[in-house]
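Q: Listed here are the chains, written in short residue letters.
2 protein chains.
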Amino acid sequence: MSKFRIAVHITPRKGLLDPQGNAVRDALRTLGFNSVKDVHVGRYIIVETDAYDALTAEDAVSDMCAKLLANPVTEDFEIESAVPA
Amino acid sequence: MSKFRIAVHITPRKGLLDPQGNAVRDALRTLGFNSVKDVHVGRYIIVETDAYDALTAEDAVSDMCAKLLANPVTEDFEIESAVPA
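Chains as they are written, first to last, in the numbering used here: chain B, 219 to 303; chain G, 219 to 303.
Treat the hints with caution; some may be incorrect.
If you only want the chain B side, here are some residues facing chain G, beta carbon under 8 Å, derived [what the hints assert, rightly or not]: (1) L234; (2) L235; (3) L246; (4) F251; (5) K255; (6) V257; (7) R261; (8) I263; (9) E266; (10) D268; (11) V291; (12) F295; (13) I297; (14) V301.
Read the hints as simulated data drawn from the structure, not as lab findings. Glycine included, C-beta positions come from ideal geometry on N, C-alpha and C.
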């Protein structure tokens with residue numbers, strides 16, 4: 219068993235309302251950043267897990283996303299390649 | 219002026235408590251993912267902004283991070299290269 223580090227990007231699904239992103243966009247404009255057109259706020263999760271190889275680690279993290287980390291109705295997730303930790 | 223898309227990763231600073239990451243780690247173990255050693259939860263923010271060139275866009279986003287997006291005491295941020303949007 220080796221230790222792997224896998225990063226996950228979770229973003230609000232396109233086309234759905236993103237109230238947090240809109241709030242941040244408005245706050246940035248209030249601060250004077252008037253060129254800001256749009257903001258999307260997602261989550262960035264780093265999982266360190268033991269696995270026999272990188273592929274097994276990525277599969278496990280994909281399963282974690284489906285079961286807990288991401289909301290499959292409103293969010294998309296993207297898993298980066300596992301790197302030895 | 220062109221439109222650029224810049225992604226930002228904001229992560230809890232190493233060495234500081236990460237209660238959200240610990241909660242997610244414990245929840246994953248409760249769900250049967252016993253190989254999980256550690257979890258860090260950060261934010262992933264995508265900013266779409268108008269700028270004259272990519273460097274100006276990246277500088278503006280760095281300024282936004284320092285002023286609003288990240289907490290400079292407890293968080294680190296990393297800005298990806300601007301890409302035309």
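Q: Could you work out which of the previously given hints the structure breaks and list their numbers from low to high?
A: Hint check: 1, 2, 11, 12, 13 and 14 fail, others pass.
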